[in-house]
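As given, the protein sequences belong to chains H and U, one line each in that order.
So that you can map any letter, position 17 of the first sequence is 17 in the numbering used here, and since no number is skipped, the others follow by simple counting.
To get the numbering used here, take the position in the second sequence, counting from 1, and add 1000.
Fair warning: there could be bad hints in the mix.
Label-pair distances were calculated between CB atoms; the ranges are [to be verified]:
#  : chain 1 : residue 1 : chain 2 : residue 2 : range
1  : U       : 1028      : H       : 66        : 26 to 32 angstroms
2  : U       : 1028      : H       : 379       : 41 to 47 angstroms
3  : H       : 374       : U       : 1275      : 58 to 64 angstroms
4  : U       : 1217      : H       : 128       : 53 to 59 angstroms
5  : H       : 66        : U       : 1020      : 31 to 37 angstroms
6  : H       : 66        : U       : 1086      : 34 to 40 angstroms
7  : H       : 25        : U       : 1020      : 36 to 42 angstroms
8  : H       : 251       : U       : 1021      : 42 to 48 angstroms
9  : H       : 73        : U       : 1198      : 45 to 51 angstroms
10 : U       : 1275      : H       : 25        : 43 to 49 angstroms
So the derived list for chain H, only partly shown, Cβ under 7 angstroms to chain U, looks like this [said to hold, decoys possible]:
#  : residue
11 : 63
12 : 65
13 : 69
14 : 93
15 : 249
16 : 250
17 : 257
18 : 278
19 : 433
These are computed hints drawn from the structure, not numbers from a lab.
Where is the CB? At the ideal position from N, CA and C, for every residue including glycine.
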Amino acid sequence: MKKIISIFAILFSFAFTSNSYSKTEIHWWYGNSGFLGDVIIEIANRFNESQDEYMVIPTGKGSYEDNMAATIAAFRAGDQPHYSQVYDAGAAIMVAQVKNGVVIGFEEMAEKYGIDVDADNYIPGIKNFYADADGKMVGVPFNSSTCLMYANMDILAEVGIEEVPRTYEEFEAIAQQIADAGYIPLLQSHSPWIWTENFFSRHNLLMTDGNNGYDAVPTKTLFADTPEFVMHWEKVKEWYEKGWYGYKGRAWGDNQAPFTNGEAAFWFGSAASFGGMKGVLPNFTTNPILYWDSVTGGKEYPTFIGGAANWILNGHTEEEYKGLAKFIEFMGSPEMDLYYHNMTGYAAVTKGGIELAETINFYRTSPYHKAVGDQLGLEGSTIPGGYRAGNWPQIREVIYENVEPMLNGDISVEKALGNMDNGAEKLLAQFAKTL
Amino acid sequence: MKKVQFKSSYSQYFFLAPQLLILLIFLYWPIIQTFRDAFTIQDAFGFGSYFAGFDNFKFIFSDPSYYTAFKFTIIYSFVITLITGSIGLLLAVQANSVLHGKNVYKTLLIWPYAIAPAVVGVMANYFFSERFGLLYHLFNNLWGFNWYQDVFDAYIYVVIAGSWKQISANFIFFLAGLQAIQKTVIEASIIDCKSNIRRFWTITFPLLMPTTFFLIIINITYSFFDTFGIIDTTTIGAPGSETKTLVYKAYIDGFKGLDLGSAGAQSIMMMLIVLVITIFQFRYIEGKIHYN
């Protein structure tokens, strides 16, 4: 009996100590897990230790989709967090929520609570991706990646290839050599993101009408109407049949695993993917993603930002927003930006962070980190730096659904792209009804 | 049937109230909410909502992957019911006639029932992974199995993953059914007929009909609703949308796609399908079953 009482006494004392501080609590929900989730917790801890007025409480909700669904459900129940991480495909939905008073835009917040980080401190490409129609930044850029090409240098050396290809044409010239040596020449982990959305950005082509949704609400995607895109998938299918491209299902990890295990020469993944490869794969590099020389005439264009931003949600007290403003300021400092860039491989999102990286000669010691900034920093695009199309998570699903039968040979490339357009058109119309 | 009538008094409602309240909150209120979602169009956060009539239903019927999900769900529930029922019955008959170590067999065969579908899916993943999956490589050597691309192979994958655990459920109920059959009936039949197989089909199996009927309903409901976790941890609906069940599609559209209107309409369609199946079963099949 005594034991039980003392256990209760201990539990109670814990309960009281944790409540006895009256710090203002700020809730931050996120959709990263594993190592990336640990880094988020570390950021919050560092902020909490840096001052003692506010306390940021990070809560992981699973995947990006899970976190978005949880945030929405919480909002509907009147119990939303202050700050939530929402991914690229959800950006259109979040930007549209400013007018409904769900989301507070960054610039509005900065004005009201005097955040010392100007929207112009963020890299233009990243800033524009999360901005509204007037160019005002709404989401706060956070983990910004893009798709990159990983190359296994040992395989290339073994088959006698000296230079990592920069174009698909160069890849085609060496693919058979790699296949003959018993390796998979190419894998990629996300057909909608890498080979659809970023095919268009990489080649400076419009993906939807309404100027990618920046000028008008988009009504259709331009998949089958873009001959370059049709050509690309014809080629992919040809590679698949020749064994130059290996398709390992829809799961990101299943496509990455052969590369990590040294069975594939090239893999297209995210800029933040190399964490798990270090120490497993002895000799790999990160490179800009390939492009068709025949499409761009030798010119390279930047890809879209991937990853996620943090969004400020309405419905809390002024005191709490002041704390959140402090936290945003803290995260936007050059040191924290570079810390996050270094830990995860996501791009540095502030100009201050990039300057700091240059000052300390960061990329000489960490070559893996360089490609993402190089690729996102390319100039000369005439298309917007993103797309504003609603129901995009479902459109990605439609893309997936048609890629498999296309590679199978069940339907032709043209038919598959046509199906994608049809599916997307209906989903875009459905979204337009809610505006 | 005899009708028993009690004198009416209000106290009965008082005692019923807690149970009714639970039903109202956890059953009827969500159903009403689903109906509301199905007939409105709204954005993810619930704004811009307006009455849309049958627009959401038109939308799902214009979606080819809805028909695919429908087709798959029917095939899947039929195959799972057949496989789990027959293997469960076979194992139950065998375990019932075993003389030594009966309890060991029983316990081992019941165990998988305690495993959550999502965990079953993860385990199936190990068997069907291209990297280290035993079954993947066995089948791949036999006929070039590749569930990433081939629809039939993907069916095999999800059917094996989906039936394994459910075989246990069938086993338990069939075994209980077998043990409830009176010894005298079995003994009398042994005198009349020598053939084991014939005796099983003419005496034992008809006496198991109530159990079988019950299990058919349980298995269909299982493959409709409970296999969600299995699909989500195995094929995630691929290739194409060929292995999406109706429930999984509603989940994808509602929770990942954030389109509550479409998900609501799909839920109502599902309710109708289950209603039709249940009515059909109780009207046309149950009438042919003798419980005594």
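Hint check:
1. Taking 26 to 32 angstroms as the suggested C-beta distance range, the pair residue 1028 of chain U and residue 66 of chain H conforms, at roughly 28 angstroms.
2. Restraint check, residue 1028 of chain U to residue 379 of chain H: a C-beta distance of roughly 59 angstroms breaks the suggested window 41 to 47 angstroms.
3. At about 59 angstroms, the CB distance of residue 374 of chain H to residue 1275 of chain U agrees with the hint of 58 to 64 angstroms.
4. Between residue 1217 of chain U and residue 128 of chain H, the C-beta spacing of about 56 angstroms keeps the proposed range 53 to 59 angstroms intact.
5. Between residue 66 of chain H and residue 1020 of chain U, the C-beta spacing of about 34 angstroms keeps the proposed range 31 to 37 angstroms intact.
6. Here the CB-CB span from residue 66 of chain H to residue 1086 of chain U is close to 38 angstroms, well matched to the stated 34 to 40 angstroms.
7. The hinted window of 36 to 42 angstroms between residue 25 of chain H and residue 1020 of chain U holds, with their beta carbons roughly 39 angstroms apart.
8. Roughly 43 angstroms separates the CB atoms of residue 251 of chain H and residue 1021 of chain U, a value that falls within the hinted 42 to 48 angstroms.
9. With their beta carbons about 59 angstroms apart, residue 73 of chain H and residue 1198 of chain U fall outside the hinted range of 45 to 51 angstroms.
10. Range check, residue 1275 of chain U to residue 25 of chain H: Cβ separation about 47 angstroms, and the 43 to 49 angstroms hint holds.
11. Interface restraint check for residue 63 of chain H: the shortest CB-CB distance to chain U comes to about 9 angstroms, outside 7 angstroms, so the restraint is violated.
12. For residue 65 of chain H, the shortest C-beta to C-beta distance to chain U is roughly 5 angstroms, which falls under 7 angstroms, so the interface hint holds.
13. The beta carbon of residue 69 of chain H comes within 5 angstroms of a beta carbon in chain U, closer than 7 angstroms, and the hint placing it at the interface holds.
14. Residue-level restraint check for residue 93 of chain H holds (minimum Cβ-Cβ distance to chain U is 5 angstroms; threshold 7 angstroms).
15. Hint status for residue 249 of chain H: holds, given a least beta-carbon distance of 4 angstroms to chain U, under 7 angstroms.
16. With a cut of 7 angstroms, the hint placing residue 250 of chain H at the interface with chain U holds, because the nearest CB-to-CB distance is about 5 angstroms.
17. A least Cβ separation of about 6 angstroms between residue 257 of chain H and chain U falls short of the 7 angstroms threshold, and the interface hint therefore holds.
18. With its C-beta approaching chain U no nearer than about 20 angstroms, residue 278 of chain H sits outside the 7 angstroms limit, and its interface hint is violated.
19. Because the smallest distance between the Cβ of residue 433 of chain H and any Cβ of chain U comes to about 5 angstroms, under 7 angstroms, the interface hint for this residue holds.
Hints 2, 9, 11, 18 from the list above are not met by this structure, while the remaining hints are.
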